[in-house]
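Taken in sequence, the protein lines are chains A and B. The number in my numbering is simply the position in the first sequence, starting from 1, with 3 added. The number in my numbering is simply the position in the second sequence, starting from 1, with 3 added.
There may be inaccurate statements among the hints.
Result set (EDC-like, lysine to aspartate or glutamate): computed pairs, CA atoms no more than 16 Å apart in a straight line [said to hold, decoys possible]:
1. Lys196/B <-> Glu238/B
2. Lys197/A <-> Glu238/B
3. Lys72/A <-> Asp104/A
4. Lys196/B <-> Asp219/B
5. Lys197/B <-> Asp51/B
6. Lys197/B <-> Glu238/A
Rough simulated footprint, nothing fancy, chain B against chain A, three-plus residues with beta-carbon under 8 Å [what the hints assert, rightly or not]:
7. 171-181
8. 246-255
Think of the hints as simulated: they come from the structure by calculation, not from any bench. The structure displayed is predicted, hence computed values, not measured ones. Glycine included, every Cβ here is placed at the ideal spot set by N, Cα and C.
2 protein chains.
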Amino acid sequence: VSTAGFRRFPAAVLAEQARALLSGWGFPPEMVAAAADALVDADLMGIDSHGTALLPIYRQFLDDGRFNKAAAPRVERETPASALLDGDGALGQWPATLATDLAVAKARQTGLAAVAVHGSNHFGAAGFYARRAAEQGFVALVASNVFSPAIVPTGGRIARFGTNPLAFAAPAGRHRPFLFDMATSTVALGRVKKAAWRGERVPFGWVLGPDGQPTDDPDLGWSTRLATPLGGTPELSSHKGTGLAAMVEILGGVLARATLAPLRQAPSEGRRPGGIGHFFLLLDPGLFGPPETFRDLLDEMIDALRATPPIDPAQPVLVAGDPEYAARDERERAGVPLPNALVDALRGLAEEAGVPFLLEEGKQ
Amino acid sequence: VSTAGFRRFPAAVLAEQARALLSGWGFPPEMVAAAADALVDADLMGIDSHGTALLPIYRQFLDDGRFNKAAAPRVERETPASALLDGDGALGQWPATLATDLAVAKARQTGLAAVAVHGSNHFGAAGFYARRAAEQGFVALVASNVFSPAIVPTGGRIARFGTNPLAFAAPAGRHRPFLFDMATSTVALGRVKKAAWRGERVPFGWVLGPDGQPTDDPDLGWSTRLATPLGGTPELSSHKGTGLAAMVEILGGVLARATLAPLRQAPSEGRRPGGIGHFFLLLDPGLFGPPETFRDLLDEMIDALRATPPIDPAQPVLVAGDPEYAARDERERAGVPLPNALVDALRGLAEEAGVPFLLEEGKQ
């Protein structure tokens, strides 16, 4: 098994491989299609942690009983501007995509719409759904609660929230949509693991030791899995990150009547398929004036931000979404780079599932 | 003029003093009432920077031509679930209160409502409006753009956003509403000024020097007025704070067709009365299930968070709103402490305006 280097694959090939694996594991076609689309989109956008690298993890979740292969998501409650969906334990990308599209249809009629989902699972990158709505003309806010606790509230020494993502997208005119997608932790724990591999220290403010104090030791931080809320330390206002994580838990968990991360204590509760909740809010900018004036004004704002005098002339100021769109442009042209270790893992999964392995031909 | 110590005053007396001054300056009764209510509420909640301490600043804004004393806020556009208000250059608390109450009325009918305001001014504490909605049963998100640039986008060396506040409140059952109210900067510049008075250094990550690099010199930071976005430094993910500030500018500025802080270049543009925008989004938790289950679940979440094992047993983990409600309980009982320098300033303003000065009798 090679552990260094990577090879590049066309997105279409990755999508076919993802569909082959998910189908081989027994998921039905609609669920497979929604999940593969969202995973490969994350790969294209440079969000490697939320792309096909999730497939080995999802295989583990499947073994853990966290997915319902026979899931049939359905609308439980509905008004002209809102809906509550039961994900029925599906791969989260499916109910999340259904919820986004339902919110788009409602917002076309009413100007604004809120759709919540419970009984779901990990839905990949929150920004995928926000951008999907923005590309159809809507301002979108997306939140999700998360299965595994990670974020330690300021002053505490155990994790109470998952990394609780919040995404926000808005349609521009000349520019691609404004696209903001953040975990409410300071950094993803994956960056701590990477530092450990490289033998580097991490900045104080990324992770905590078992005593709840900041540590710069990535092995310690990876073992405790105690992530700080955005802000990092109390003196840099980590209480704001704690508040944002709680806001996401209220939107993606309490509103949706999902299983709340802070209350996920009993293993029986935790292992029940589909305890996760999501929240999708869409707004038509035409409610407040011609949609064109919104898009023009957002273009102007984006231009002004990019024109901010930079500290380093070689590093212009970026607007949310710029790094992801740059990655997409590059990867659509040159292919998505997958680490060789991931390619090997996917080969093993394909052999085990008895489905075709399609990633022999990657480019260096 | 005394510069140390403080005296305490009943909230009702502060409100009467605020009304006397604002009336004396020529503002009409409805505008005066809305502004005084919001200012004194901030004093009660311990948000001293957004209470009656604003009156001397508002006097300066008035001289600068930033308020329209004859303002008549009006609804410019409306649907069953949305409205756009023109604040017409009023003190921001008035159109913001009108917008909140209009959103409550709409959300009672439709389950969710979005109201934007343009042509407004500084509206005080964003949490005031979010809590007002939560106390009537709604989940509320409030955002505002801000006149004076303060936040430097990550990698830049000039400010592009104001401190762009974001507030979020939600109704609980046994507990008072969850109440989260943050500036999207790491800290308020007022804390930098306080450190300068005390001769203390500030943490790296609060403010920047003229070169855009972090400084621990509060005098330098106060002179540049270059605040960092939440996160503080690039290695602690200040790009997330930048994204949040931009999200607030889109909600409170672009949606509302307000004057955007990043575009506020020409002095003529900047001094036009009422270029500020606000945004109020309300959701009925009953859209997704019985409202009681929402409130019960939020109670449980609040209980679980407060029960988080603390680093220091003497400092329990706090939930958003806890410090403000504790301040309110104490100040309703003992009075609101005003620094003597502020009392002196208010005396000067009262004399100048020829209105009664009501703060002679404060308690030490």
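Results of checking the hints against the structure:
1. Lys196/B <-> Glu238/B: At roughly 25 Å apart (the allowed maximum being 16 Å), glutamate 238/B and lysine 196/B break the hint.
2. Lys197/A <-> Glu238/B: Holds: lysine 197/A and glutamate 238/B sit about 15 Å apart, inside 16 Å.
3. Lys72/A <-> Asp104/A: violated, 22 Å
4. Lys196/B <-> Asp219/B: holds, 12 Å
5. Lys197/B <-> Asp51/B: Between lysine 197/B and aspartate 51/B the Cα gap is close to 13 Å, so the pair holds against 16 Å.
6. Lys197/B <-> Glu238/A: holds, 15 Å
7. 171-181: holds (count 3)
8. 246-255: Result for this restraint: holds, n = 7.
This entry does not satisfy hints 1, 3, going by the numbered hints stated previously.
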